[in-house]
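Top to bottom, those sequences are chains A and B. Counting from 200, one number per residue, gives the positions in the first sequence under the working numbering. Counting from 200, one number per residue, gives the positions in the second sequence under the working numbering.
Calculated directly from the structure, the hints in this document are not laboratory data. Heads up, some of the hints might be wrong.
EDC-like, lysine to aspartate or glutamate: derived pairs with alpha carbons at most 20 Å apart [as the list claims (entries may be wrong)]:
1) A/493 to A/549
2) A/468 to B/520
3) B/366 to A/549
4) A/366 to B/570
5) A/228 to A/302
6) B/465 to B/522
7) A/228 to A/549
8) B/468 to A/616
9) B/494 to B/520
10) A/465 to A/475
11) A/402 to A/390
12) A/277 to A/453
Residues from chain B that keep clear of chain A, each with C-beta distances beyond 10 Å, as calculated [to be verified]:
13) 209
14) 413
15) 434
16) 600
17) 622
All of these numbers come straight from a predicted model, not from anything done at the bench. Note that CB positions come from ideal geometry on N, CA and C, so glycine has one too.
Protein chains: 2
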Amino acid sequence: MNIVIIGGVASGAKAAAKVKRLLPHASVKIFTDDTHVSYSSCGLPYYIQGNFNDYTSLLVRSPEEFKASGIDVFLQSKVEKIFPEQKNVLVRNFETVELVPYDKLIIATGASPVRPKIKGIDDFENIFTVRKIEDGINIREKMLKSKNAVIIGGGYIGIEMLEAFSKNNVYTHLFERSSQIMPTLDFEMSEVAKKRLNSIENKNFELHTDSMATEFIGKDGVLTGVITSDGKQYECDLAIVCAGVKPNTELAKEAGIEIGETGAIKVNKLMRTSVEDIFACGDCAEKTHIVSGKKVWIPLGSTANKEGRCAAMNVAGVYCEFEGILGSMVTRCLNTTIAMTGLTEKEAFEIGFKPVSVVVSKYDKVAYMPDTGEITLKVVADKITGLLLGAQAVGSIGADKRVNTVTSGLIGHLTVEEFSNNDLTYSPAYSPTIDPLLNAMQILCNETARSC
Amino acid sequence: MNIVIIGGVASGAKAAAKVKRLLPHASVKIFTDDTHVSYSSCGLPYYIQGNFNDYTSLLVRSPEEFKASGIDVFLQSKVEKIFPEQKNVLVRNFETVELVPYDKLIIATGASPVRPKIKGIDDFENIFTVRKIEDGINIREKMLKSKNAVIIGGGYIGIEMLEAFSKNNVYTHLFERSSQIMPTLDFEMSEVAKKRLNSIENKNFELHTDSMATEFIGKDGVLTGVITSDGKQYECDLAIVCAGVKPNTELAKEAGIEIGETGAIKVNKLMRTSVEDIFACGDCAEKTHIVSGKKVWIPLGSTANKEGRCAAMNVAGVYCEFEGILGSMVTRCLNTTIAMTGLTEKEAFEIGFKPVSVVVSKYDKVAYMPDTGEITLKVVADKITGLLLGAQAVGSIGADKRVNTVTSGLIGHLTVEEFSNNDLTYSPAYSPTIDPLLNAMQILCNETARSC
C-alpha cells in the first residue's frame, strides 16, 4: 500500500508516524515544499525570545529519524497537482517533476500567513511573518541588532512576539486594526489583558488598537518606519506581520475536493474529504465546534496533532471519529496568561443562543499566601437551558487551569448548575477555598432560568 | 426566627453569613468552644512555615465583623446538649450555663485530631496536633527554637508540616505506620512522591514508612525523643501528631440524631439530619461520593464551605441540593505537588468496579522550554463501561491542573473515550502538544472494552 502525505509540520508528521506504526509494511512518503519537517511552529516566539538557543530543539523528528522508521521525507518537494482519477500526485523538486502514485492520500498542507496589502510590504528587508523555521532564525538574528520594532496584528502570535521583543529590550509598537488585542476574546476580557500589560512598570512597548499600518517606509530596501491609518509615523528597523492565516486549499480545490463553508477543506468525522481515498487534517481542514455543532476554522497545533492521528487510523482501517474542537487556547504575554474555551458571549449570541455571562476577578490563591496573583474569569451559559457555553480567563499563571477545567464540562454538555457542584482541588497554595471558577459559576447559575 | 449554629470554623461560619444574607431579620447565633471563629485551618502549615507572619491573616471574619452584619458569635461557649423536643441547646461558657432556643439548628462541630495511644503522649510539652489557631502559634514558636522534630503520620498535614520544618532547617523524621506516605493514593503514586522527596539534594528529613512511634521519651516533662516499633530511638524536641481526624458527633448522637455508616452525621442532599429542623454540614457530616454513589467521610475545607452554603439556603427556605463530592484534593511538599480526584484503583476495585489504569510520566511543558518539570499521572476507568473513575497526579506545579480537568469529567460521568476527545488549551509554555492527561486517557481507552 502506498500512502502519500502532503505536508509534514504537525498533522502530516503525526499522521505519517501513526500510520507507519499501524501498517509497518506500507510505503509512507511525506512531500513538503518546506525545508524542514515535523517541527513546533508554536515554539518559534520562544526560540526568538531566547528561552533556548538551538533552533533544532524545535524539530520533533528529523528526516533521518523518519527514514529510520521507514518513512520517506521529501523536502523542498512541492506537490503541484493531485490526480484523483489516476490516484497519483505531481511532485516538483526544483527542476525535476515526478508522478507519485498513492492508494491513500493525506492532505496536510496547513495554513499560510495572510500578507495584508500594506504599501511597501514587499519593498524592504526585515519584514517578517512567523511560520517556518527560517522565519524564526531570521527574526532572532535581526532582533538582536534591533532597536525599534513594529508588530502588525494583536492576536496570539502578535502578543507572543511582543513578549519576545520586550524581553530583549527592543522597543515595540503593536498595531491591531480591530478595537481589541486578542480579537477572539469578548471585548471586556481583552480590555483586562490590555490593562494588565499597560500597567507594567517601565514597559518598553505600546499597544495601539483601532490602528492600521498603511505603509512601510525606508531607504534603499532598508526598513526605517511605518505609517498608520491616523497619519502618524513610527520608527522601526524590524516588522512582524501577523495579521492572521488562511488555509492552504488550492491543491485540494483544483483536484475537485469539496471546500467547506469556512473556506477550509470539508472533512467528515473520519477526516475523509469528499473524494475517495483522500483525507485531510490539520490547519487546512475544516472543524466542527462541539458546543455549537457548527463548522468552524480554528487552526491550532494541538488539534492538528489529534486530527493527524485520527486520519492515520482511518487510513489504516482502524475506525476513529474526531468529534471536533472547543477552540481552546492559551497564550502568554509577559505577566499575563490568556486562555479560552468554547463560545464567547458574542459568538453564542450570533449563533442564536440567549447567552448570559458573569465576570469575576479574584485572587488565584488564598490571599495570605505569597506570590498571589489575580485572575479575571468570564463564564458564559445559555439563559434558557442553563447549558454551559464557554469560559475565558485573563491573569496570572493558573488562568489556564480554570479554562481546562471547563473544557471537560463542555465535552460533557454540562449545565451551569451541574458544574456548580464540581469538587475542585483546594489547598491555600493552589487556590482560594472557593475557586474563582466555582464562584463565577455559582453567580452565573442565578442568571439562568434553572434553579440553582 | 432563631437560627443557632454550633461551630464556626468553615461550614458554620459560611452558613451563618449566608443565612443572614437570605434572612436579614432572623437572629443568627454561632456557639463555639474555640477561642477563634471563621479561620483557615488549612493555612496553619503555611503560617508555621513563615509564608506570612501575622496569624490574624488566617482569620476570615472576626467576631466584630460578624456582629456588624448582625450575627452574634459566642466564643469559648460549648454546646453541651441539644434538646430537639424543646428546640433548645444548653450552652456552657466557663461556669455559666444557659438554654438557648432555636427554630433551626445547624450542627457544624467539625472534626478532631485522633490522638493515638502512644506511651508518653500526654507526659511532655511540645507534642502538638495541627487544628486550631493556638496550635499554629505554639508550633511556630517552638519550631523556631527546635533542632530535631518528628512527625507522626504521613498524610497531607504530615507532609505539609514536613515542608514547613524543612524550610526552617529543623531536621525531621516522619513516621507513617502504613507502607506509604499519602495513604489515600494508590501505592505506586505514593512511591513516586516519596522518590521525588528523597531525591532532594542535601535533604534535611527522613521518611519512614511501615514505622510506628511507640513511645515518647523525655525528662521532667521535656520531650527528648521517640522510640519506634523497630526499637530505634530518634532524638527530637518537637513532635507533631497528625494521625488522622474523627468527626465530632457526640452531641448529635446524644440528641438521637442518626449517625451514618461512616461514623459521621447522616444528612440528605439538603443537609438535613434525621431530626426535624436540625441540619449538619462540614467535617462532622457524612458525604456522598459522586462517582461511586457510596457514603464516605472525607473531611475537606472546600466541601465544608459548600455544605455550609447549602445548609444555610435550605434553612432559609431556598431549595439547594448538595450533590456530593469527588474527594478531590491537592497538597504540596517542597518540590512536589500531589493531587487526586474520584476513586483510586484500590477503592474502585473494593467497590466492585473492574478498574483498569494507566500511569504515564511526562514533561509538563514542551521539552525545549525553560523550567520544565515532570508530572506522573494515573488515570482509572471501569473496563466494562469505559466510565472514568478517577485520577491522581504527582509532580511539578501543574499536576493539580490535570486533576481539576478530570473533576468536570467525573461530574459529567464521561467515559474515557469521550474524555479522549477533550480539547485542552495548548501553548509550549503551558503544556506539551498532547498533554500528559490526554496521552494517559488515549492509552487508557485501549484498556477498556469500548472502541477508541
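Each hint, compared with the structure:
{"no.": "1", "hint": "A/493 to A/549", "in the structure": "12 Å, holds"}
{"no.": "2", "hint": "A/468 to B/520", "in the structure": "39 Å, violated"}
{"no.": "3", "hint": "B/366 to A/549", "in the structure": "54 Å, violated"}
{"no.": "4", "hint": "A/366 to B/570", "in the structure": "17 Å, holds"}
{"no.": "5", "hint": "A/228 to A/302", "in the structure": "12 Å, holds"}
{"no.": "6", "hint": "B/465 to B/522", "in the structure": "14 Å, holds"}
{"no.": "7", "hint": "A/228 to A/549", "in the structure": "43 Å, violated"}
{"no.": "8", "hint": "B/468 to A/616", "in the structure": "15 Å, holds"}
{"no.": "9", "hint": "B/494 to B/520", "in the structure": "16 Å, holds"}
{"no.": "10", "hint": "A/465 to A/475", "in the structure": "13 Å, holds"}
{"no.": "11", "hint": "A/402 to A/390", "in the structure": "17 Å, holds"}
{"no.": "12", "hint": "A/277 to A/453", "in the structure": "15 Å, holds"}
{"no.": "13", "hint": "209", "in the structure": "8 Å, violated"}
{"no.": "14", "hint": "413", "in the structure": "31 Å, holds"}
{"no.": "15", "hint": "434", "in the structure": "30 Å, holds"}
{"no.": "16", "hint": "600", "in the structure": "4 Å, violated"}
{"no.": "17", "hint": "622", "in the structure": "4 Å, violated"}
The structure does not agree with the numbered hints 2, 3, 7, 13, 16, 17 stated previously, though it agrees with the rest.
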